[in-house]
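A.B. asks: Take a look at the letters that make up each chain.
2 protein chains.
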Amino acid sequence: MIKMKNVIVIGAGAAGMSAASRAKRLNPSLEVTVLERSNWASFAFCGIPYYVGNIVNGLNDLVFYPPEEFKKRGIDLRFNKEVTEIDVDRKVLRFTDIKTGKEEKMSWDKLVIATGARSKAEKFWPEIKKANNVFYIKHLDSAEAIRNYAKAIGEGKKVVLVGSGYVGLELVENLARLGLKVTIIEAMDQILPKAIDRDLAELVEQELKSKGVNIIKGTPVESFEINGKKAIKVKTPVGYVEGDMFVIGVGIEPNNELAKMAKLSIGNSGGILVDEKTLTSNEDVYAAGDVTEHKDLITKQFIWRPFAQIANKMGHVAGSNIGGMESVFMGSLGTSALKIFDLIVARTGLSKAEASNMGFDAIDASLKSGVKAHYIPGGEKRINIKVVADKKTGKLLGAQAIGPSESVFWRINVIASLLTRNSTVWDLFNSDLGYQPTLNPVWDPLIIASRLLMRTLGEKPI
Amino acid sequence: MIKMKNVIVIGAGAAGMSAASRAKRLNPSLEVTVLERSNWASFAFCGIPYYVGNIVNGLNDLVFYPPEEFKKRGIDLRFNKEVTEIDVDRKVLRFTDIKTGKEEKMSWDKLVIATGARSKAEKFWPEIKKANNVFYIKHLDSAEAIRNYAKAIGEGKKVVLVGSGYVGLELVENLARLGLKVTIIEAMDQILPKAIDRDLAELVEQELKSKGVNIIKGTPVESFEINGKKAIKVKTPVGYVEGDMFVIGVGIEPNNELAKMAKLSIGNSGGILVDEKTLTSNEDVYAAGDVTEHKDLITKQFIWRPFAQIANKMGHVAGSNIGGMESVFMGSLGTSALKIFDLIVARTGLSKAEASNMGFDAIDASLKSGVKAHYIPGGEKRINIKVVADKKTGKLLGAQAIGPSESVFWRINVIASLLTRNSTVWDLFNSDLGYQPTLNPVWDPLIIASRLLMRTLGEKPI
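Chains A and B are the protein sequences, given in the same order.
Take the first sequence: its letters are residues 0 to 461, numbered as in numbering that gives the first Met the number 0.
Take the second sequence: its letters are residues 0 to 461, numbered as in numbering that gives the first Met the number 0.
Hint data in this document are derived by calculation from the structure and do not stem from the laboratory.
Certain hints may be false.
Each pair may be met inside one copy or between any two copies, as identical chains are not told apart.
Unchecked claim - Once the Cα atoms are required to be at most 30 Å apart in a straight line, the calculated DSS-like pairs of lysine-lysine come out as:
no., residue 1, residue 2
1, Lys371, Lys210
2, Lys367, Lys70
3, Lys371, Lys180
4, Lys276, Lys394
5, Lys351, Lys216
6, Lys371, Lys294
7, Lys394, Lys294
8, Lys459, Lys276
9, Lys299, Lys459
10, Lys137, Lys371
11, Lys71, Lys371
12, Lys70, Lys459
13, Lys391, Lys276
14, Lys119, Lys216
15, Lys459, Lys262
16, Lys390, Lys276
17, Lys380, Lys210
18, Lys276, Lys371
19, Lys122, Lys216
20, Lys299, Lys394
21, Lys371, Lys70
22, Lys90, Lys459
This one's a predicted model, so the numbers in the text were calculated from it and none came from an experiment.
Using the sequences and the hints, build the whole thing.
C.D. replies: Spelled out as structure tokens, the structure:
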């Protein structure tokens, strides 16, 4: 067993608690301490919209494991502890108890930085600090605040969502469920600009509009107009938009202050650069989750992807390496998904435009297809799917899909697993997907997509 | 363009019509004739249970394309034509019109044999020929006969299903839907003996029993007792089982008479051996679908897998090669799925026992997991999943899953795509599957399965 004693994990989110649990489990002789600034550990950030919409009743339902569970695992989990200083040469840090103001010092043999991401909302619009009706998601406390405020103002009142990312749109659905009138203001000329192509985004826009949501595109929010303690409208280049409540669903960045203090190598996004073992530029400091950059599996370039499943995996890998079992996280593809009213939206890998920008000779195949056999009830439901490949090599590069079916998500996961294995269009054709008439058509849309791409590439591998 | 004229396709099922359509599309100068013994072309065999259960109204709903569509495509589709003689040296065949008795001769440049599978029921139990209440599925006419008879005898009457394969169990669900009392008699000591492991099969048995279906296992049907034109009971080693109607859901084989006549190489199952181009041992004769054996992607051995999606793919590949575009079908994994009442069952690749028999040092990981985040409604639903790998190399070998969720099917498809790419347990861990709380848990059961397997193998690739 590797000889070492103290492991300190900063941050008790998905990455931090995965790392702490894994390290302690593999090597029970480790003393594992987790320092967390908030009152929450191991909570489901992605569940917040469903808490707001009353789908989830209590905040505790969003906690994967209660603090006692970590105590049982032998992990010293401490809340309200803000780390204020890190000295990587002497391997010591200093932290303050936010409530008591008490300071402590602690030394480590291995450190894990898992400080997550933070909102840039107050940097962009400092005036919102004065308002009590402008929200953005951070910890579970903000979920509580959003839900309470939304319920307090009541049905028919106006909510403005600034931006249109995944979590923001899931909030829209849930705020609408509470009976509020939602307007989305998006700076780019489509919603979900970072996630999907414009033609597919238009289908999401139709769905939102059909559910009574207003959308204002190509319109940045310049400032908030505050009256007393309330924001009453936002200013845009084309005029003002009024609201009773405002939610900022855009602009997060790696929470990298400590990483900077520790002089770790940092990428373009501000995320800590880590290798396959999730080790930073310091050999005794690991980092995992939303505070890091890791490699994209296709482009092999560092990228920032603050997704919960990646944070969990990276935390697990960091914990394994610290606990004495060599483990690797190879990178990610940006596979992500959204449920918005009756639609599922998902993507993985590169869009055609992204692929072209990376130097690929990108081609794509788009189709609209039934999700099951035409003669089965529900067989009339259609999904749109788009698969991107490289014309020179036939290599698959990415896919996007949208439609009223969970299978949208899973078809994208099939492509994701093929992308992970560096596969081609011919591999997709030869993927032996199952067939059952209530579950998919005999020619699954994925296989049809491979056939469409083979029209350009030829049916035999190059 | 390749110079040739006559293409004859024998059999108008999935494989035959895919081949004919593809060849004609790629090379419109070809004269493509399809000779079909029945009255049906391009029909959905797998939809028959749903026709029996009134989910599908008309038989024509089970037809993918009507005969006129093939006429429009320039294909000469001829019904009621039985091929009686094949001379591969002179490249000529002889066929009879079943209705008129008229004989014709026709020569080919390329021949496609797509004669499908046939039931062995009358070989096993010749006495059933006399009975008008013993059924097995062949063409759509048999679907009509089963439905009509089931409706005629009416609710509460007893149906005996002999065997418990996929289509048989789907018939059970649909016969139960019509109000009939179903008893399954299975010769092996579990249901679905060729499809899934016993522990998972027990879950299917529980589901069937909860829906009022009787199951008699480990009990072969020795003979049918016939009274006049009706079978009244079956004889088994442990006694008689009475029924008002009998359905045989077991025992099919490649319909290989013509292949034998053509002296083509034939495998152990009786299926025609084809290469990656779907070419038989004769350079001008292709074969596709249920009448063929093709290679298993893992074991590289020839295997017989009469599945519709494979038939369509093989037909497409045969048609492409005939039409002048080189195309390959690499093989299959036996990915298959069943919907039985509220459960989905799916498998791909090898079971642990099959893998051990093939010489692998097989290990497996089994788990029961939520299908979505625990805090989302429906998050309490559990699925069982089992992933098999090779201990020496970490190579994935197969997976099985069962549960009340479509995601069972898709998770198996993710494994299937990884198997197609010859992947390892570490590749599964690193597959960047998406996460959305209404669609899966943040640690997807597939990724947890990889972690369980890595406990034995180590977390870093060997």
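A.B. asks: Regarding Lys371 and Lys210, is the shortest C-alpha distance of 30 Å or less found within a copy, between copies, in both, or in neither?
C.D. replies: both (26 Å within a copy, 25 Å between copies)
A.B. asks: Using 30 Å as the alpha carbon limit, work out where Lys119 and Lys216 are close: within a copy, between copies, both or neither.
C.D. replies: Within. Shortest intra-copy distance 21 Å satisfies the 30 Å Cα cut-off; inter-copy 65 Å does not.
A.B. asks: My question is about Lys459 and Lys262: at a cut-off of 30 Å on alpha-carbon distance, are they close within one copy, between copies, both, or neither?
C.D. replies: between (51 Å within a copy, 29 Å between copies)
A.B. asks: Are the CA atoms of Lys137 and Lys371 at most 30 Å apart within a copy, between copies, both, or neither?
C.D. replies: between (40 Å within a copy, 23 Å between copies)
A.B. asks: Within a copy, between copies, both or neither: which one fits Lys391 and Lys276 at a CA-CA cutoff of 30 Å?
C.D. replies: Classified as between; 23 Å across copies, 33 Å inside a copy.
A.B. asks: Measure nothing new, just compare the shortest in-copy and cross-copy C-alpha distances for Lys367 and Lys70 to 30 Å and report within, between, both or neither.
C.D. replies: between (51 Å within a copy, 26 Å between copies)
A.B. asks: Evaluate Lys390 and Lys276 at a C-alpha cut-off of 30 Å and name the case that applies: within, between, both or neither.
C.D. replies: between (33 Å within a copy, 23 Å between copies)
A.B. asks: Can you give me the call for Lys371 and Lys70, within, between, both or neither, at a CA distance of at most 30 Å?
C.D. replies: between (48 Å within a copy, 27 Å between copies)
A.B. asks: At most 30 Å between C-alpha atoms: does Lys276 with Lys371 qualify within a copy, between copies, both, or neither?
C.D. replies: Cα proximity of Lys276 and Lys371: across copies only (28 Å, versus 42 Å in one copy).
A.B. asks: Is it within a copy, between copies, both, or neither that the alpha carbon of Lys459 lies no farther than 30 Å from that of Lys276?
C.D. replies: between (38 Å within a copy, 10 Å between copies)
A.B. asks: Treating 30 Å as the Cα threshold, decide for Lys276 and Lys394: within, between, both or neither.
C.D. replies: Answer is both; intra-copy 27 Å and inter-copy 22 Å each pass.
A.B. asks: Regarding Lys70 and Lys459, is the shortest C-alpha distance of 30 Å or less found within a copy, between copies, in both, or in neither?
C.D. replies: Intra 58 Å, inter 29 Å, cutoff 30 Å: inter-copy only.
When the structure is compared with the earlier hints, no violation turns up for any of them.
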